[in-house]
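S.K.: Sequence:
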Amino acid sequence: MGGRTAAQPSLLRIVVVGGGGVGKSAITIQFIQRFFVQDYDPTIEDSYTKQCFVDEDMCKLEILDTAGQEEFSTMREQYLRTGNGFLIVFAVTDRNSFEEVKKLHELICRIKDRDDFPILLVGNKADLENERHVARHEAEELARSLAVPYFECSAKLRRNVDEAFYEIVRLVRKFMHDERMPNGTTTTDERRIESPAKLKKKKNCRIQ
1 MGGRTAAQPS LLRIVVVGGG GVGKSAITIQ FIQRFFVQDY DPTIEDSYTK
51 QCFVDEDMCK LEILDTAGQE EFSTMREQYL RTGNGFLIVF AVTDRNSFEE
101 VKKLHELICR IKDRDDFPIL LVGNKADLEN ERHVARHEAE ELARSLAVPY
151 FECSAKLRRN VDEAFYEIVR LVRKFMHDER MPNGTTTTDE RRIESPAKLK
201 KKKNCRIQ
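According to UniProt numbering, the sequence shown holds residues 1 to 208 in order.
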């Protein structure tokens with residue numbers, strides 16, 4: 001008797017956004033490759049793929065690590081259109097990056113044309129407690145006002161990194177279920193937008 005053929009895991013696109021220097025690349029690479037990278041070229045938009053189990057269900061993630069600099073914002077908007085879920089990252093040691101969160105949240109909601117899209121707020125560099133400029137209760141209050149979950153992470157110590165990505169997968173799955181969309185499908189508008197990998201290839205893998 002032949003066993004049941006396992007279904008191919010759905011592809012979910014997770015976009016990581018935030019100001020420059022907050023540790024977006026460090027979080028992403030820690031999740032994908034399980035090591036801490038301290039120095040990373042801030043002008044690079046890069047994407048990674050990873051298969052993992054979340055709540056016993058296999059999923060395939062395409063994670064886009066976006067550049068944080070303002071001059072790359074036009075390209076970032078193109079990437080945001082393709083995302084199924086978003087991590088908005090700030091550094092608890094950087095007040096300016098925290099104050100940028102609302103603007104990024106508004107940008108995502110405008111591009112997606114709705115205010116209930118799967119978004120997770122992440123406070124990185126939580127290991128630098130003595131250098132903290134954003135109190136945890138402030139971040140939690142902001143997350144409540146935006147109606148999004150909040151995680152504090154340390155890419156350096158790998159604290160809550162996997163948990164943050166797993167939680168955004170759960171939010172995306174719930175959103176797709178509530179929208180009665182089969183896993184792995186996208187809206188009509190999103191199908192007209194090329195994938196981040198194709199966009200990046202067209203830009204020769206680096207934004208000049």
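Simulated from the structure, these hints should not be mistaken for laboratory data. Treat the hints with caution; some may be incorrect.
Capping the alpha-carbon separation at 25 Å, the derived lysine-lysine pairs in BS3-like fashion look like this [to be verified]:
#, residue 1, residue 2
1, Lys-50, Lys-174
2, Lys-112, Lys-60
3, Lys-174, Lys-102
4, Lys-156, Lys-50
5, Lys-60, Lys-174
6, Lys-112, Lys-102
7, Lys-60, Lys-50
8, Lys-112, Lys-174
For each label pair, taking beta carbons as the anchor points, the in silico distance ranges come out as [claimed, not checked]:
#, residue 1, residue 2, range
9, Cys-109, Phe-35, 16 to 22 Å
10, Glu-138, Asp-178, 17 to 23 Å
11, Arg-144, Arg-95, 15 to 21 Å
12, Leu-157, Ala-135, 27 to 33 Å
13, Arg-170, Ser-145, 20 to 26 Å
14, Lys-102, Gln-78, 18 to 24 Å
Ideal Cβ placement from N, Cα and C applies to all residues, glycine included.
S.K.: Just tell me: holds or violated, for the beta carbon distance of Glu-138 and Asp-178 against 17 to 23 Å?
M.R.: violated (30 Å)
S.K.: Tell me if the straight-line CA distance from Lys-156 to Lys-50 falls inside 25 Å.
M.R.: Satisfied, since the Cα-Cα distance of roughly 20 Å is no more than 25 Å.
S.K.: Can you tell me whether the CB distance of Lys-102 to Gln-78 sits inside 18 to 24 Å?
M.R.: holds (22 Å)
S.K.: Given the hint that Lys-60 pairs with Lys-50, test it: the Cα-Cα distance must not exceed 25 Å.
M.R.: Measuring from Cα to Cα gives roughly 6 Å; hence the hint holds.
S.K.: Per the hint of 27 to 33 Å, is the separation of the Cβ atoms of Leu-157 and Ala-135 within bounds?
M.R.: Because 20 Å falls outside the window, the suggested range is violated.
S.K.: Take a quick look at whether Lys-174 and Lys-102 sit within 25 Å of each other, Cα to Cα.
M.R.: holds (23 Å)
S.K.: With the threshold set at 25 Å, check whether the alpha-carbon distance from Lys-60 to Lys-174 stays at or below it.
M.R.: With Cα atoms ~16 Å apart, Lys-60 and Lys-174 stay inside 25 Å; holds.
S.K.: Lys-112 and Lys-102 were given as a pair; does the straight-line alpha-carbon distance stay at or below 25 Å?
M.R.: Holds, at about 15 Å.
S.K.: Can you confirm whether the C-alpha distance between Lys-112 and Lys-174 stays at or below 25 Å?
M.R.: holds (17 Å)
S.K.: Evaluate the given range 20 to 26 Å for the C-beta pair formed by Arg-170 and Ser-145.
M.R.: Because 21 Å falls inside the window, the suggested range holds.
S.K.: Holds or violated: Lys-50 and Lys-174, Cα atoms, limit 25 Å.
M.R.: holds (20 Å)
S.K.: Should the hint that Arg-144 and Arg-95 are 15 to 21 Å apart at their CB atoms be regarded as holding?
M.R.: Cβ of Arg-144 to Cβ of Arg-95: about 19 Å, so the range 15 to 21 Å holds.
Hint violations for this structure: numbers 9, 10 and 12, all remaining hints satisfied.
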